[in-house]
Amino acid sequence: MQSAWLSALSFLVVSTLVGVGMLAVARVLRVKARAEGSALKTRTYECGEEPTGMAWMQFHARYYVVALFFVVFDVEAVFLFPWAVVLRELGMPGLVAAIVFVLVLMLGWLYAIKKEALRWQ
Amino acid sequence: MTASVGFGFMAACTLVSAIFVVRSKNLIRAALWLGATLLLTAALYAMLDASFLAGVQVLLYVGGISTLLIFGVMMTRKHEGLVVEAETVNVPRGVFAAGALFGGVAAAIKMTPELDSGVRPPVVTANDLGRGLLIDHVLAFEVVSLLLLVAIIGAVVIARKRDPGAEVPGFVRRPLAAKASSAKPVANEVSP
Amino acid sequence: MNALFRGASYGAVIITAILSTIAIGIWFERKFAGRMQSRLGPTIVGPVGLFQPLADVVKLLQKEDIVPRDADRSLFDLAPILATLFALGAAAVVPFSATAVTADLDIGVLWILAIGALMVIPTFMAGWASNNKFALLGGMRAVAQAVSYAVPLVLAVMVPVILSGTMQVSGIVQWQQQHHWVALWPVIPGLPAFVLFFLAMLAESNRIPFDIPEAESELVAGITTEYTGAKFTLFYMAEYVHTLVGSAVGASLFLGGWDGPFAPGLHWMVLKTLLLFAAVYWVRWSLLRFRSDQLMDLCWKWLTPIGVFLVLAAATWVQLMPGGR
Amino acid sequence: MSEDASEEKVELQSARRGRVDPHLSIKHYDPEADMMLLHFGPQHPSTHGVFRMDLHLDGEVVIKATPYLGFLHRAVEKLCEKLTYVQQTPIVDKNDYVAPMTNEQALNMAFEKIMNVEVPRRAKWLRVLLAELQRIASHLVALGTFTLDLGGALGGGSTLFLHCFREREMVLDLFEELTGARFHYNTHTIGGNRHDLPPGFDKKVRAVLDEIELRIPDYARMSVDNAIFRARTEGVGILDGELALELGITGPNLRGSGVDHDLRRDAPYAAYDELVPKVIVERGGDCWARTKVRFDEVAESIRLCRLALDGMPEGPINGYKAVRQPTQAKVAGGQVYVGIETPRGELGTFLIGGGDTPTAPYRLKIRSPSLHALSAIPYILPGFTVSDAVAILGSLDPIMGEVDR
Chain A
1 MQSAWLSALS FLVVSTLVGV GMLAVARVLR VKARAEGSAL KTRTYECGEE
51 PTGMAWMQFH ARYYVVALFF VVFDVEAVFL FPWAVVLREL GMPGLVAAIV
101 FVLVLMLGWL YAIKKEALRW Q
Chain B
1 MTASVGFGFM AACTLVSAIF VVRSKNLIRA ALWLGATLLL TAALYAMLDA
51 SFLAGVQVLL YVGGISTLLI FGVMMTRKHE GLVVEAETVN VPRGVFAAGA
101 LFGGVAAAIK MTPELDSGVR PPVVTANDLG RGLLIDHVLA FEVVSLLLLV
151 AIIGAVVIAR KRDPGAEVPG FVRRPLAAKA SSAKPVANEV SP
Chain C
1 MNALFRGASY GAVIITAILS TIAIGIWFER KFAGRMQSRL GPTIVGPVGL
51 FQPLADVVKL LQKEDIVPRD ADRSLFDLAP ILATLFALGA AAVVPFSATA
101 VTADLDIGVL WILAIGALMV IPTFMAGWAS NNKFALLGGM RAVAQAVSYA
151 VPLVLAVMVP VILSGTMQVS GIVQWQQQHH WVALWPVIPG LPAFVLFFLA
201 MLAESNRIPF DIPEAESELV AGITTEYTGA KFTLFYMAEY VHTLVGSAVG
251 ASLFLGGWDG PFAPGLHWMV LKTLLLFAAV YWVRWSLLRF RSDQLMDLCW
301 KWLTPIGVFL VLAAATWVQL MPGGR
Chain D
1 MSEDASEEKV ELQSARRGRV DPHLSIKHYD PEADMMLLHF GPQHPSTHGV
51 FRMDLHLDGE VVIKATPYLG FLHRAVEKLC EKLTYVQQTP IVDKNDYVAP
101 MTNEQALNMA FEKIMNVEVP RRAKWLRVLL AELQRIASHL VALGTFTLDL
151 GGALGGGSTL FLHCFREREM VLDLFEELTG ARFHYNTHTI GGNRHDLPPG
201 FDKKVRAVLD EIELRIPDYA RMSVDNAIFR ARTEGVGILD GELALELGIT
251 GPNLRGSGVD HDLRRDAPYA AYDELVPKVI VERGGDCWAR TKVRFDEVAE
301 SIRLCRLALD GMPEGPINGY KAVRQPTQAK VAGGQVYVGI ETPRGELGTF
351 LIGGGDTPTA PYRLKIRSPS LHALSAIPYI LPGFTVSDAV AILGSLDPIM
401 GEVDR
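Chains as they are written, first to last, in this note's numbering: chain A, 1 to 121; chain B, 1 to 192; chain C, 1 to 325; chain D, 1 to 405.
You may find that some hints are simply not true.
Said to hold, decoys possible - Pair ranges (Cβ atoms, derived): (1) C/L40 to D/E314: 40 to 46 angstroms; (2) A/L107 to B/D128: 28 to 34 angstroms; (3) D/Y97 to C/V58: 32 to 38 angstroms; (4) D/R303 to C/L40: 31 to 37 angstroms; (5) D/P198 to C/A279: 47 to 53 angstroms; (6) D/R206 to C/L40: 25 to 31 angstroms; (7) D/A207 to C/D77: 53 to 59 angstroms; (8) C/T16 to B/A108: 46 to 52 angstroms; (9) C/L271 to D/F201: 48 to 54 angstroms; (10) D/L214 to C/Q178: 51 to 57 angstroms; (11) D/E314 to C/A278: 54 to 60 angstroms; (12) B/S4 to C/I44: 55 to 61 angstroms.
No lab work stands behind these hints: they were computed from the structure.
Remember, it's a predicted structure, so these values are computed and weren't measured experimentally.
Note that CB positions come from ideal geometry on N, CA and C, so glycine has one too.
Here chain A stands alone, though its shape is the one from the complex (with noise of 0.2 angstroms):
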């Protein structure tokens, strides 16, 4: 494992005592409410009625779809990230077969945009 790794790793370590520390500090600083808990306070907020229903519910695969096209286009970035740091040994067929590769999904995306799937609602 590389050094950098552990550096990176370690750094993280650090962010997350931010975050932590911020709430132990916030634990000793706070106000205890003398009502704390009570029912009134803990209900979820909702413009100051009383929610109808959970907010717990089903989605629509709009949503999905977003998700699905997210993915498809890290793939093509994942793969283009390889071939970006070699393209100066690779020369033009290497540029020809990313335009290739990029084209082909293009004509996914434009299919897509035609057909108004990405449309939000």
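For chain A, the structure is supplied; the task is to place chains B, C and D on it using the hints.
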């Protein structure tokens, strides 16, 4: 030595979070635990000097696939107000299947002499991957794009399945991004 | 062990620096916004209101910690910590000067993108765990937005990677340094890529005109609706950290990082970062907000193909320029 | 001309066909949908006070909207029945709390009509001046709060909001100098006005008008001409003129739907028969058109204010015998209706005199334009998203004090 202890610890963490994925009653939590498992797998990759793969694992799997799964879970319910519950059934059979798979893979590893030679494998960088993809396996590289194209088309088909409120009497779907010019002209002759 | 210690010590210094910059930054933003709106901004706490952010933090930390009855308690508590962690995380690979870098990973750019992609997890967690309809709507919007804008972000970031041929952030800065980025920065892929990056960064850190997830006039406070006290502070802070770290990333990937005449590299890097940071707030206090469907349209119909085009343009540039410049 | 009319008729029919059913039964809605009932208000940042809508959402699309009113009900009408005529003026100031001046004007005009009191010419011109100044202030608030809804309290919206309020402050300063109050002016009385213009006042008014006129292009750049603003408002919340007339919607909301109707021109009161305003009409019927009408009316009001200052006649400002005690103003009986064009539309006062005491009305009914504007919500909101709900509500510019009274 420290490295293998660290690796063992990470592997154990991965395993524990994986168990949480299957044992978790709440599907959303299961999906989040899956995210944690995938993240820890990325850490394992990083420990094995596969930096690029580790980055890709986080970017695609934790960022993308778990989001996809969360959305998928959010889509699965029919009734408002119910926490998604999932029950683990057939535990013995599951354990048996997992054990069999583990045994098979372990045996395969054991039987492959190169994997057990104790020699550290070469570090594969993104540059090596790039050369491999675009010089040795160009065709595979191009086929991947076709695969992704199929994925996009599939996604579009899913999305087009239903237009909410399409055939409800009295409900009119307005064009969301209508321009003012396409707005309905209005009465002018009525003036008191 | 040495590496671990390096990470911890550099991390402590960099994180402290980031947090204090943000404290000043909040003061600066409020003064700046005040001037734009023909008012004074904070004036009471300290000289010219300089201690206002500090007072705010102390006030927020003293607030009562209210957890909604119907919330998923553990996820509710975990989300703000993760938000801070992932907002800060990208700073690990940013070189603040030629030497001041915590972990100069060979896949630095990928690390930045990966950590950025992780940000959707705490956002969704907060929105879902609150069991509040506004929070859930905000959370879903936030996830969809972050996930969508990650695509132009990745494509924009790929342009400097292609031009310099490395994914190491310090490598990209060095490449710019060697090629006199000010004079020779290829305008065709470089400048539009920077604009694309800036837009995607605004969206990723939920700043106006892309602050749909929070959208306080519609969704009250989006995912932070149910959060009080320290947990709210963490979210609030994470947003600013995200913007600042994003600015630092932008400065090093597109604006030559520590490279600059007359002054030490650190000064230039800080200056460029702060200028970008200020630009974000300039935009924030002058524009209105987009609607979520317009946001998605903008991303998928315009920014994504432009990003793809820029990537190909950069690749062509590299191939056509003698010596790959 | 006839061709035009027939074309319009066809379009009207299609507009009616495409109308949303506000009583849509949710049971008949798609059972597959991800339905959510969201209480929007009363404690919500952008409901312009205390207003509640129950939104049935499919994802983010509103499929049914049910407004609930009455959170700010203060029984003003009933209170007026208990007070003497003179005492009522400061009470109604609080109805439309963004434009108090026009409230008291409407009330006092009803008193004058039922008591047959002639208003002197100078008082009429003064009333026009005050009403138009109030219109400027009120439309600035409407524009500012609308961008606040669109751009958020923590963004560009608040920038325009504060700029608008700065100009509104200048108008309020003028009112303060004239009447001594910033809100409860109590300057309109039976038969005219209470406060005459102090010396040098017209110069100050002109300075303020010049200042506001100077800033209008800036506001246009930040609102009606801004690309994001247009993207957020164009084609959103389309209210066709037919529906608007059916619902009794008046004022800029009606004129934004292409109906050329303005009481100042069509049924002149005060000095509007001499100072005829240009009526601004937009045909879009969407949020942008409504805002644009208000925006252009500011400029028109500035013109009218200047005209009123130029031609302000000399003379007394009150034509009614001096009232020493509140009980001196008496009405034996009869009923009147007076409607005036406030910044929000037709503010009507229906008054039945007499009853148990001659010093108080038997019944006072205030017809408030905001109430009618809100009645459009179940029709124009469905089909749009939650974000648009905020924009549509903001563009109707309702004032809850006036809605609930």
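### Query
Is the distance from the Cβ of B/S4 to the Cβ of C/I44 consistent with 55 to 61 angstroms?
holds (59 angstroms)
### Task
Starting from the hint 47 to 53 angstroms, judge whether the C-beta atoms of D/P198 and C/A279 obey it.
holds (49 angstroms)
### Task
Starting from the range 53 to 59 angstroms, see whether the pair D/A207 and C/D77 falls in it by beta-carbon distance.
This hint holds: roughly 58 angstroms between Cβ atoms.
### Task
May I ask you to test the hint 40 to 46 angstroms on the CB atoms belonging to C/L40 and D/E314?
holds (44 angstroms)
### Message
Given the hint of 54 to 60 angstroms, is the C-beta distance from D/E314 to C/A278 inside that range or not?
### Response
holds (57 angstroms)
### Task
Go ahead and decide if the range 46 to 52 angstroms is satisfied by the Cβ distance of C/T16 to B/A108.
Check passed, 50 angstroms falls within 46 to 52 angstroms.
### Query
Has the hinted range 32 to 38 angstroms been met by the Cβ atoms of D/Y97 and C/V58?
holds (36 angstroms)
### Task
Confirm or reject the claim that D/R206 and C/L40 have a C-beta distance inside 25 to 31 angstroms.
Between D/R206 and C/L40, where Cβ atoms are some 29 angstroms apart, the hint holds.
### Task
Using the Cβ atoms, figure out if A/L107 sits within 28 to 34 angstroms of B/D128.
holds (30 angstroms)
### Query
Do D/L214 and C/Q178 keep their Cβ atoms within the hinted range of 51 to 57 angstroms?
holds (52 angstroms)
### Task
Just tell me: holds or violated, for the beta carbon distance of C/L271 and D/F201 against 48 to 54 angstroms?
For C/L271 and D/F201 the Cβ distance comes to about 53 angstroms; the hint holds.
#### Entry: Cβ separation of D/R303 and C/L40, checked against the hinted range 31 to 37 angstroms
holds (34 angstroms)
Every hint from the earlier list agrees with this structure, and none is contradicted.
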